[in-house]
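Asker: Chains as they are written, first to last, in my numbering: chain A, 270 to 431; chain B, 270 to 431; chain C, 215 to 715; chain D, 215 to 715.
Treat each hint with caution, since some may be false.
[Unchecked claim] Derived coverage of chain C by chain B (criterion: at least 3 residues anywhere in the stretch with Cβ under 8 Å from a Cβ of chain B; other residues may be distant): (1) 261-275; (2) 677-683.
[To be verified] Negatives, chain C to chain A, calculated, CB over 10 Å: (3) R218; (4) A304; (5) K403; (6) G563; (7) T568; (8) Q575; (9) S624; (10) A625; (11) T627; (12) D640; (13) Q665; (14) L671; (15) P672.
Everything labelled a hint here was simulated from the structure, so no lab data went into it.
Just so you know, even glycine gets a beta-carbon here, dropped at the ideal spot from N, CA and C.
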Amino acid sequence: MEFRFEHAKTQHSIRAERDGESFRLRIGERTYLVDLVRAAGGELAFRIGDQVVTAHVARDGETFHVALGGQTFTLSVAKPNTRRSAAAGGAANLNATMHGQVVRVLVSEGDAVKRGQPLVLLEAMKMEMRVAAPHDGRVVRLLCSAGEVVQRGQALLELAED
Amino acid sequence: MEFRFEHAKTQHSIRAERDGESFRLRIGERTYLVDLVRAAGGELAFRIGDQVVTAHVARDGETFHVALGGQTFTLSVAKPNTRRSAAAGGAANLNATMHGQVVRVLVSEGDAVKRGQPLVLLEAMKMEMRVAAPHDGRVVRLLCSAGEVVQRGQALLELAED
Amino acid sequence: MFKRILIANRGEIAVRIIRACREMGIEAVVVYSEADADSLAVQLADRAVLIGTAPPNDSYLRAERIVEAARRTDCQAVHPAFGFLAENAAFAEMVREAGLTFIGPAPEAIRAMGLKTEALSRVRAAGVPTLPSYAGEGLIADFQQAADQLGYPLLVKAAAGGGGKGMRVVRAAADLAAALEASAREAGKAFADNRLFLERYIESARHIEIQVLADSHGNKVHLFERECSIQRRHQKIIEESPSPYLEARPELRAAMCEAALRAAQSVDYTNAGTVEFILDAHTGEFFFLEMNTRLQVEHPVTEAVTDVDLVQMQLRIAAGEPLPFRQSDLYQRGHAIECRIYAEDPAAGFLPSTGDLLCVQPPSAPHIRVDSGVRTGDTISIHYDPMIAKLIAHAGSRAEAIRRLDAALSAYTILGVTTNIAFLRDVLAQPEFVIGNTTTHLVEQVFAEWQPPFAPLPDSALIAAALSALLQSSAPAVGAAPAASDPFSPWAYPDNFRVGV
Amino acid sequence: MFKRILIANRGEIAVRIIRACREMGIEAVVVYSEADADSLAVQLADRAVLIGTAPPNDSYLRAERIVEAARRTDCQAVHPAFGFLAENAAFAEMVREAGLTFIGPAPEAIRAMGLKTEALSRVRAAGVPTLPSYAGEGLIADFQQAADQLGYPLLVKAAAGGGGKGMRVVRAAADLAAALEASAREAGKAFADNRLFLERYIESARHIEIQVLADSHGNKVHLFERECSIQRRHQKIIEESPSPYLEARPELRAAMCEAALRAAQSVDYTNAGTVEFILDAHTGEFFFLEMNTRLQVEHPVTEAVTDVDLVQMQLRIAAGEPLPFRQSDLYQRGHAIECRIYAEDPAAGFLPSTGDLLCVQPPSAPHIRVDSGVRTGDTISIHYDPMIAKLIAHAGSRAEAIRRLDAALSAYTILGVTTNIAFLRDVLAQPEFVIGNTTTHLVEQVFAEWQPPFAPLPDSALIAAALSALLQSSAPAVGAAPAASDPFSPWAYPDNFRVGV
């Protein structure tokens with residue numbers, strides 16, 4: 270069975286198959302014979318020769334989170350021809366920097382704004398964050414309103430560069 | 270769904286059914302409305318009104334082990350018409366008191382033995398145990414031999430009372 | 215001693231109080247919001263009472279519902295822990311008027327210490343040094359004039375505050391008005407009290423606090439200091455006892471402990487409390503900041519070095535027992551360090567990281583204590599503080615405690631949300647931290663541009679992901695293969711496997 | 215310091231040593247038998263080397279395979295822990311001759327203390343009091359004559375022994391021959407050495423031992439006492455520090471500690487060791503029993519009260535470092551109690567209870583330490599010691615430590631084998647134990663007829679079983695319902711769920 274994962278924008282291919290009680294894994298020219306020590310509760314421990322590796326793996330849809338040796342790696346199942354294209358255009362969306370609630374929208378559509386000017390007040394877990402204009406410009410469209418709960422990365426407003 | 274369990278030689282009947290997000294359980298005249306708090310990793314926590322109960326449940330075939338409030342209860346799935354009948358007869362089996370290895374058999378078939386006389390030497394985890402005659406009698410049949418690994422409760426020999 | 219108490223809180227601190235109750239044979243009742251119905255605190259409690267929806271204003275801040283829950287479940291006392299209503303004098307009064315014991319100081323002491331202006335005048339009268347400050351009411355112009363007299367930089371703080379909420383550093387007169395407005399808004403939300411005050415801001419400061427205990431028989435002791443200088447956005451993240459600064463200065467420690475007892479005395483304090491000081495690392499001067507009239511988040515480091523269980527002491531004091539020791543019986547042994555593990559992104563301004571905890575695996579090792587209120591399958595929501603756990607290491611020396619804490623951090627697995635674990639490990643390894651040069655600005659000065667270390671993907675991680683996918687796709691014992699995208703697949707994280715819920 | 219060491223052991227103690235290595239940045243290699251291929255120790259190690267089949271004679275006692283494994287994995291030192299080859303001088307020599315460091319005393323010291331006759335003559339010469347005893351070779355008649363001179367009751371012990379193996383109390387001359395025969399057989403199996411000796415038996419005895427540490431630079435310190443009087447079948451089950459007996463007798467403690475250092479000096483001891491004494495509770499006399507030239511099972515109670523990590527000290531001493539403290543730096547604070555949780559049936563002569571661990575859920579609470587080498591899904595086999603875990607509570611006072619330990623015991627869930635948890639809780643609650651009247655015969659005198667408390671089935675247990683069955687039969691997320699009798703059903707105990715293995 271072949272798996273293709275993407276990590277830090279690089280694709281990795283790995284072929285995995287059973288070999289009796291063991292597993293045989295091939296990454297490029299490297300082949301590993303792997304014995305399972307434990308696979309329970311999200312914990313996955315295995316031996317490669319004398320070396321023992323304990324990992325924790327959690328799958329969230331197409332994303333695999335792997336914790337190993339004090340570090341965490343996030344791998345997504347790679348799809349050959351799908352690359353997200355960055356949004357391009359004269360105006361760009363300004364996104365929420367955290368999951369939270371919109372306390373107040375400080376500008377209206379059509380307003381001219383200065384770099385650094387606060388546009389939207391967000392609140393989460395009793396902490397207030399202001400979303401400021403990254404550059405001078407003009408508010409093209411408001412995409413949120415006071416009281417609304419927004420996700421991190423959700424567009425709050427469309428801002429055109431002057 | 271009705272379940273019948275046996276605990277300490279007493280049969281208990283309980284009827285369980287879903288009721289929306291909750292469960293309704295009836296034991297005799299008592300009905301409990303139960304909300305699950307957690308069911309994961311063998312851990313089962315539930316609320317009955319304000320009361321919260323956390324149990325650990327492990328199933329081994331027809332046996333349910335339930336740990337709860339610092340105590341452990343062993344319940345077996347009750348079968349209506351099956352009651353183990355005690356072995357009866359002129360001679361009775363003498364059983365292994367622990368899981369282990371037979372070190373030596375100290376008697377032969379036909380031997381007359383005295384109460385307290387050691388008949389078989391068992392060893393487990395570096396500990397030696399002697400299985401002694403519970404009463405005066407005669408060895409009818411040997412059911413084990415030196416070197417053999419025996420289970421707790423397994424018959425070692427048949428002993429007739431004098 | 216009480217037969218049953220109610221815990222008016224949630225999360226790790228509710229769990230910690232339940233554990234103290236277990237050891238003392240006291241039944242623990244918790245209140246909970248709908249969001250916490252499946253929480254560990256609810257699970258471990260003997261009884262649990264639903265008091266509202268997720269927003270604290272509808273549940274954990276609803277004093278009347280909490281008192282009603284305590285009455286209905288025949289509790290004799292209420293433990294407020296910290297946050298929420300812990301320093302709300304009106305709540306303490308309401309508990310008392312309901313014929314129940316409030317596990318904390320008298321409402322009068324809470325009120326006196328809760329209003330910073332009154333607190334400062336009380337402790338000043340008791341001879342405790344305080345920072346030059348101004349506490350006014352309302353008019354911006356008055357604040358501006360006072361600020362000019364105090365000089366910049368200065369701190370705007372909530373009069374009713376704590377925990378950094380409503381707090382701002384102002385370095386120039388031009389920024390004062392905006393800071394006052396924002397702080398007042400935050401303070402109003404967090405404490406239902408938008409009064410503010412100003413105070414001198416020390417650039418090279420250490421935050422050192424003294425734990426005190428006072429019983430209802432007039433006995434008062436201190437349990438030495440905690441140093442809590444490592445903060446981000448005015449929020450403590452690493453705390454320790456003893457303070458590396460005071461270790462070399464026993465007379466200063468004695469003076470601070472003595473001042474703390476005088477501060478407590480000034481409000482006839484009973485139960486556990488903490489007197490916070492700011493210490494100027496250059497001059498060795500210390501100033502009273504505030505008294506927290508409650509248990510602190512960082513109380514475990516004091517427990518580790520003194521062998522005193524502060525929560526159990528709170529219960530004993532509230533039940534009218536005298537302190538079982540005198541000052542001379544107390545000691546401070548070894549070194550303990552706590553760090554707070556948050557669901558947050560230190561590389562993005564420490565923004566909270568909400569989401570599902572796909573896997574939580576705390577470390578287990580000698581002299582490591584984990585205080586946590588969450589487990590695999592729980593959610594970090596926007597409603598509450600995003601702390602996942604407190605991790606406490608105790609050892610014979612500070613160097614050993616750092617090593618022990620670092621090993622435990624590296625073994626703490628949390629998947630599903632971004633955490634500050636890698637950040638905390640970098641702080642523990644930072645040379646100034648290692649030699650004990652800990653000031654409140656260390657994080658902003660040294661770690662402003664912090665990014666998580668980039669590690670190239672090791673083959674073993676790729677193997678783990680592939681094996682996991684392979685096992686999941688062929689899981690024979692389950693009968694049928696679960697859908698590959700099923701986040702509740704029993705293999706991937708069975709701890710999260712909730713059948714039919 | 216070492217870069218990599220090999221641990222010649224298994225189970226909880228291998229895990230504990232790995233954890234010490236982690237904190238010190240040392241890589242840990244374990245050896246393992248086929249039965250332990252999936253064990254926690256193997257899982258946590260950096261590397262693991264298979265050395266044979268389950269029976270110790272084919273694996274953990276195969277010195278040459280262990281040394282070969284250490285060489286092949288480029289280890290610089292070997293830690294034997296306790297049991298197996300820990301007190302085998304020939305093994306220590308073999309390690310040394312392979313150019314590796316043995317993490318323990320020199321083979322000469324092991325040999326001197328390992329042969330009881332030599333040990334006794336050495337410590338006697340150093341002025342350490344010893345029990346009247348006889349050590350002969352071979353002839354039954356010689357033993358019988360010596361026994362008559364010593365008087366009954368007396369103890370038959372293995373010359374190479376430890377841990378109660380080969381040990382028997384003989385109360386009448388008629389029983390001596392049979393006891394000698396059985397002891398010799400057991401000793402031969404356990405230690406490959408069937409030599410025996412006799413010694414005076416004290417009816418009202420306390421077992422008190424002193425921990426010592428000695429470096430290779432001539433520095434020696436003691437770390438105070440442990441009392442290990444609570445035993446069953448000559449096996450310690452509850453250990454504590456300080457000893458309740460010595461708490462009231464500081465001069466006696468000082469004398470015993472001083473005697474222990476003299477005993478260690480008599481064999482030029484290095485590394486960690488324990489000098490065991492038997493103390494006559496009536497007279498206050500103490501007698502040297504033996505010196506254990508290794509780490510002890512009960513070392514955690516000393517670690518808790520002294521803040522010294524004994525395993526890390528062993529590694530430092532073996533690497534040639536001097537002790538980082540002097541005697542006057544050491545202290546004994548608070549109170550620590552350990553109990554050993556065994557898979558055994560206290561109501562049936564403490565017979566081992568083998569089987570699969572269907573569920574293991576250790577407690578988690580402040581100042582509770584759990585040292586365990588097993589988890590859900592593992593097996594207690596006939597091949598090894600049936601200890602499941604050591605549970606250690608530390609608190610400010612003995613009374614608090616008892617309460618803390620009891621609360622932790624009650625929260626320790628182990629399903630699938632019979633354990634001694636209910637028994638241990640009854641011992642902790644026994645009035646003589648509570649007041650500290652702990653003698654080596656307490657268990658046999660008070661608990662000979664012990665039966666587990668019978669609890670009628672509460673409705674909640676019935677509900678738990680029914681809900682469990684109901685959820686299992688309708689588990690929708692899994693796709694297909696697992697067979698009702700499948701012990702590996704992912705719902706019932708997913709921690710045990712091993713797909714395709």
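Asker: Check each numbered hint against the structure and report the violated ones by number, ascending.
Answerer: As far as the earlier hints go, 2, 5, 6, 7, 8, 9, 10, 11, 14 and 15 are violated by this structure, in ascending order.
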